[in-house]
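Visitor: Chains P and H supply the protein sequences, listed in that same order. Okay, so the first sequence: first residue is 1 according to the UniProt record's numbering, each after it adds one. Okay, so the second sequence: first residue is 1 according to the UniProt record's numbering, each after it adds one.
A couple of the hints might just be wrong.
Interface residues of chain H toward chain P, partial, derived using beta-carbon atoms under 8 Å [unchecked claim]:
no. : residue
1   : Glu-134
2   : Ala-135
3   : Val-136
4   : Thr-137
5   : Pro-138
6   : Val-139
7   : Ser-141
The hints are simulated quantities; they were obtained by calculation from the structure and are not laboratory data. Beta carbons: idealized from backbone N, C-alpha and C, even for Gly.
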Amino acid sequence: MTEPRRRHRVLMVSDFFYPNFGGVENHIYYLSQCLMQRGHKVVVATHAYGRRSGVRYMTNGLKVYYIPWLPFYLQTSFPTLFGTFPIIRTIILRERITLVHGHQAFSTLCHEAILHARTMGYKTVFTDHSLYGFADIGSIHMNKVLEFTLADVQQAICVSHTSKENTHLRSRLPPEKIFVIPNAVDTAMFQPDPSSRSQDEIVIVIISRLVYRKGADLLVEVIPEVCSLFPQVRFIIGGDGPKRVRLEEMREKYHLQDRVEMLGAVAHANVRSVLVRGHIFLNSSLTEAFCIAILEAACCGLLTVSTRVGGVPEACSST
Amino acid sequence: MTGERQSDVITQTRNGQVLSYVCEWMSDSEDEGLRTHRISVKTSERSLDVFMLVVMACFCASLAFFPSYNFGSSLIITMLGISLSMWAKRNRVEQEAVVVMPTLGIQLETVYCSKKVDRRFVALDKIVTPVISEAVTPVTSYFYLALILREENDLLLTFLHLRPSLNMILPVWRSIHEALGTKISSAESFIQKTS
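Please model the complete structure; the sequences and the hints are all you need to start from.
Guide: Below you can see the structure in the form of structure tokens.
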């Protein structure tokens with residue numbers, strides 16, 4: 001005889017949510033939708049983005065609180081140890097929350113919310129999405145903060161075994177408390193379409209933010225070599241960022257304007273239409289806890305080639 | 001012309017203050033005639049003690065900080081303290097009311113502790129609709145009732161000093177909708193679903 005499932009009222013807290021776009025934001029959104037389908041109630045709290053502050057409702061009645069606290073560095077709120085206590089407490093009491101779920105170690109709002117929720121006696125869960133270092137001064141401080149915050153958390157979730165090891169070493173959380181739940185893609189959104197691939201050339205697709213961390217410099221070295229070795233190969237590069245200038249320079253220097261196509265920023269709704277045009281997906285990131293882009297590409301029927309870093313060997317299984 | 005009728009009183013206790021909501025109407029039937037939705041605040045007996053405490057503190061501070069005991073200057077400082085606390089008490093709001101007149105309009109009224117009354121009238125054709133929405137400030141979050149006016153960019157806020165709870169604002173919102181003559185059935189079911 002199964003006992004009736006308990007309904008939770010979950011508060012997801014993170015500095016990173018829509019309209020900012022990325023893996024963490026997608027994860028929070030899809031997780032909230034799946035939890036609501038199972039009957040739980042979910043509320044999301046994040047900081048205000050520009051003029052978007054206050055309460056907004058998303059699909060299926062997902063309530064989002066955009067709290068008007070200043071973001072001060074890379075979209076994270078200004079860290080005041082007790083400053084966010086009044087508003088977090090008000091939200092928790094208003095919505096009758098039973099469980100607080102914080103995302104992303106880099107988010108100060110998440111740390112403060114977990115701290116205040118534990119002060120008030122609520123259960124908390126923490127999910128880590130990225131790998132972090134140990135050596136530089138920013139990482140040392142952040143790891144200490146993480147150790148402090150996670151000392152009392154109920155459970156922690158990491159997206160890969162590499163990430164679990166990383167979180168355990170940084171925060172000294174016992175491994176029994178950390179669960180590994182890999183990320184997933186929505187297969188309804190990413191369906192293959194072999195007819196849109198060209199038959200006579202091989203197309204390599206790259207879609208990522210063009211920043212140092214995603215290996216844009218590697219691309220600048222690799223693309224001219226591949227183009228000179230294999231005349232039937234074409235590249236499609238989607239995405240924008242500070243390194244885009246370097247890629248444009250490379251195109252000019254090696255006269256690859258017809259072999260390398262730069263699309264600029266690609267909206268998430270159009271990613272699938274770009275992916276199905278290719279045969280191979282290339283991911284050159286320097287560090288990755290778990291690469292969802294690889295899964296999306298594999299879901300669309302592309303072969304994936306990636307740098308062997310972080311959690312990538314767990315995401316894409318062969319060599 | 002019959003006398004006044006009153007609905008049930010809804011109360012809410014918050015930080016030592018007791019807010020009570022009452023709805024009065026003047027005629028026989030509930031559906032016609034003007035209705036007054038009044039929210040009043042009763043601060044507890046502690047506020048009188050706070051006032052006396054401020055006065056005594058000023059007196060003692062003035063005695064302590066002067067090396068030679070000088071009664072005249074300490075009296076001046078005590079007077080300053082008394083006037084400061086009286087000014088703070090005067091600006092506090094005692095009652096806020098919304099009077100709904102079915103074909104004429106809506107009147108917002110604010111009564112201060114010093115018995116000063118602020119009134120503002122809005123004609124019925126200037127109002128597009130009343131809305132209940134949530135405000136999020138850096139320290140708190142609350143429901144508010146506002147009127148959207150034609151040809152004006154700002155919302156006209158009601159009950160902004162007292163900030164009553166949702167179950168006090170809902171009857172006011174409903175009666176403004178009745179005065180405007182618009183239907184509210186679909187919106188109300190959404191409110192019940194998300195609460």
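Visitor: Can the hint on H:Thr-137 be confirmed by a CB-to-CB distance to chain P that is less than 8 Å?
Guide: Hint holds; H:Thr-137 Cβ to chain P Cβ min 7 Å, cut 8 Å.
Visitor: Is the interface hint for H:Glu-134 satisfied, with its Cβ closer than 8 Å to some Cβ of chain P?
Guide: Since the shortest Cβ distance to chain P is 4 Å, the answer is holds.
Visitor: Let me know if the C-beta of H:Ala-135 comes in closer than 8 Å to any C-beta of chain P, holds or violated.
Guide: This interface hint holds because 7 Å falls under the 8 Å limit.
Visitor: Have a go at the H:Val-139 hint: is there a Cβ in chain P nearer than 8 Å to its own Cβ?
Guide: holds, 4 Å
Visitor: Would the stated hint for H:Val-136 survive a check requiring a Cβ distance to chain P of less than 8 Å?
Guide: It holds, given that the least Cβ distance between H:Val-136 and chain P is near 5 Å, below 8 Å.
Visitor: So, H:Ser-141 near chain P? Judge it on the closest CB pair being under 8 Å.
Guide: OK, holds: H:Ser-141 within 8 Å of chain P, min 5 Å.
Visitor: Is the interface hint for H:Pro-138 satisfied, with its Cβ closer than 8 Å to some Cβ of chain P?
Guide: Holds, about 5 Å.
Checked against the numbered hints given earlier, this structure breaks none of them.
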